[in-house]
Amino acid sequence: MAHIGPSGFSPYPVAVYEGVLNPPPGKALMFNEIVDEEVAMREAAKAMLTRPNPTIFPGPQVLYAWNEEAKEKAKLVRKMAEVLGAKIIPMYDYRPKYPKINPAIEINPNHPNLTIWHNKIKACIFVGVHCHYANVALKIIRAETDCFTIAMCGMAGHEDAMITLRDQHTEEMEKFIKIAEEVKRGLGRS
Amino acid sequence: MSYKIYDINEDLKEFMPKEIIDLEERATWGNPKRGVMDLPYTKELIEEHSLCAGCPESMALRYILASLPNPEDTIIVNSTGCTSLVFPHIALHTVHSLFGNQNAVASGIKRVLEWRFPDKVKDVVVLAGDGATVDIGLDCTLQSFFRQEKITTICFDNEVYANTGGQESGLTVKGHVFKMAPKGKQWDKVPFWQIAIDSGCHYVARLTVSSPKKVEQVIKKAIYVAREVGPTYVHLYTPCILEIGLNSDDGLDEMRARDKERFSFFEYMTPQAEEVINRVKEEGLL
Chain A
1 MAHIGPSGFS PYPVAVYEGV LNPPPGKALM FNEIVDEEVA MREAAKAMLT RPNPTIFPGP
61 QVLYAWNEEA KEKAKLVRKM AEVLGAKIIP MYDYRPKYPK INPAIEINPN HPNLTIWHNK
121 IKACIFVGVH CHYANVALKI IRAETDCFTI AMCGMAGHED AMITLRDQHT EEMEKFIKIA
181 EEVKRGLGRS
Chain V
1 MSYKIYDINE DLKEFMPKEI IDLEERATWG NPKRGVMDLP YTKELIEEHS LCAGCPESMA
61 LRYILASLPN PEDTIIVNST GCTSLVFPHI ALHTVHSLFG NQNAVASGIK RVLEWRFPDK
121 VKDVVVLAGD GATVDIGLDC TLQSFFRQEK ITTICFDNEV YANTGGQESG LTVKGHVFKM
181 APKGKQWDKV PFWQIAIDSG CHYVARLTVS SPKKVEQVIK KAIYVAREVG PTYVHLYTPC
241 ILEIGLNSDD GLDEMRARDK ERFSFFEYMT PQAEEVINRV KEEGLL
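Sequences listed follow chains A and V, in order.
Residue numbering for the first sequence follows my numbering, beginning at 1 and increasing consecutively.
Residue numbering for the second sequence follows my numbering, beginning at 1 and increasing consecutively.
Next up, chain A with everything else stripped away, as it sits in the complex (with noise of 0.2 angstroms):
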């Protein structure tokens, strides 16, 4: 955990600072806890299957073909959003834009909870999304919103999302659909 330098200097709430870290390789975080990743994921599906207006927030990793994973990945997420039922909205650019964003069709890590608000969305996914911004985007999330956040991270993780899946490559995902699936039939919706 950080120690250095005063938290004030955030203006919101960090994870980081209430002692919530990053799972570790193989396992997922729940909020506050370490559990297994299939756990997380069971729950993350149902988040989005049952909370208002669900989207998924891909970003630029998934969004532009720059490699055949990212090509693989477009389609799991295509399918991702058809299973849950949910909207896909682009994260395309990381630059604040001028004079505002259409928050009906685009978000901004600069600003996600215009989005977020406009769209009344209750729960979400984040793929693709550079660690970076995902972790400015995500912190402003939880702070200004009852969204529920879900990170699917390519990496270590995201410890301000209230779920995180970390290590997410395609294999990861097409087993987060197949589980969604599950859950999906399990709500008694086809």
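For the record, the hints were derived by calculation from the structure and aren't laboratory data.
Ideal Cβ placement from N, Cα and C applies to all residues, glycine included.
Any given hint could turn out to be false.
[As the list claims (entries may be wrong)] Keeping only pairs whose Cα atoms sit at most 30 angstroms apart, straight-line, the calculated BS3-like set for lysine-lysine is: (1) V/Lys18 to A/Lys71; (2) A/Lys175 to V/Lys4; (3) A/Lys75 to V/Lys18; (4) A/Lys46 to V/Lys13.
[Stated by the list, open to error] Calculated Cβ distances over 12 angstroms to all of chain A for the following chain V residues: (5) Val95; (6) His96; (7) Pro182; (8) Ser199; (9) Gly230; (10) Ile244.
Given chain A's structure and the hints, the job is docking chain V onto it.
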């Protein structure tokens, strides 16, 4: 650089806003024939700017960015001043140097790029104001010319330190009065285009930015010559309409007026530079 980072994944294309799809489909990356005529249709390098309404410098920046023959492999080094306010808004690699150090920083970048990417063309372009180029950065600017660094230096000459409230610079015209130079400048304007020639630049041009096509030609020539021969220098008049008391829509008229006097078009090239320019013309790139 790979262009793939601009290719939108087909599966997610339908969720992308139209303006982003346009960026991909109408982009001029990879086309050395790109130029100012593409400006109405493309905006991949700059869309909005943060300068004053009607600022001639913003026009200059648009024309220059539209004229870069190789934007995907161009690095811009800039310095403190109004220009530096625009760089956060442009989609190019830019390095903000310490005030006046821009040509030294650019020299280092160019040398490392030549060493790191020997098979690739990488252009290094310096964009700085008159204070950074001729006053505070005079040493670094001239030394880069003396060392024959293969970089293009573009000076935005607004004849004053406009950003800091109107102090006279070396390029202020004799007798001009500014807010922080109430007695009027007592010395002549430094003819820096001539100093650039004497210091070893292979291509030098002086002009206003009243004619976009002319700016395009000059910038392309300067970059092609810098790639192969040595340092090049472009001196652009970009008046600060606020400091000289003009309205937002007066910038173009001011430049057209100066086209006929102290900023009349002037071009110099060495025989080696001429050879490159003629060859590039034959290739249809100019």
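Now for the hints, and whether the structure bears them out:
no., hint, in the structure
1, V/Lys18 to A/Lys71, "holds (20 angstroms)"
2, A/Lys175 to V/Lys4, "holds (28 angstroms)"
3, A/Lys75 to V/Lys18, "holds (20 angstroms)"
4, A/Lys46 to V/Lys13, "holds (27 angstroms)"
5, Val95, "holds (18 angstroms)"
6, His96, "holds (16 angstroms)"
7, Pro182, "holds (37 angstroms)"
8, Ser199, "holds (38 angstroms)"
9, Gly230, "holds (36 angstroms)"
10, Ile244, "holds (28 angstroms)"
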